[in-house]
Amino acid sequence: MKGTDMRDHYDFSKSVKNPYAKKLKKQVTIRLDEDTIEYFKKLAEEKDLPYQSLINLYLRDCAQSHKDLKIEWQ
1 MKGTDMRDHY DFSKSVKNPY AKKLKKQVTI RLDEDTIEYF KKLAEEKDLP
51 YQSLINLYLR DCAQSHKDLK IEWQ
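When we follow the UniProt record's numbering, the leftmost residue of the sequence shown carries the number 1, and every step to the right adds one.
Source of the hints: derived by calculation from the structure; they are not laboratory data.
Just so it is clear, CB atoms sit at the ideal spot from N, CA and C, and this is done for glycine as well.
Please note: incorrect hints may appear among the correct ones.
Derived pair list, reagent style DSSO-like, types lysine-lysine, alpha-carbon separation capped at 27 Å [what the hints assert, rightly or not]:
id, residue 1, residue 2
1, K42, K67
2, K22, K42
3, K67, K47
Pair ranges (Cβ atoms, derived) [what the hints assert, rightly or not]:
id, residue 1, residue 2, range
4, R31, S53, 18 to 28 Å
5, S13, S65, 36 to 46 Å
6, A21, L49, 36 to 46 Å
7, S65, K25, 36 to 46 Å
8, K42, S15, 16 to 26 Å
Sequences are here, hints too, so could you generate the full structure?
This is how it looks when you write it as structure tokens:
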């Protein structure tokens with residue numbers, strides 16, 4: 001089967017685009033403080049969720065509510 005095209009074996013003429021494709025997640029690399037990660041890991045364990053999903057939910061909530069960060073430099 002090496003060298004053959006998948007389209008030779010399957011009919012894609014009636015296929016439709018994935019309606020959820022725009023909602024797919026994008027992998028990014030960010031640097032977080034260890035204590036921040038531990039906080040979310042502990043909270044995620046209590047909620048029975050993966051900690052990365054919990055961080056995503058929190059950030060999504062901040063974005064949807066247009067939460068503004070107040071920073072004071074000392």
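Contradicted hints - numbers only = Of the numbered hints, 2, 6, 7, 8 do not hold.
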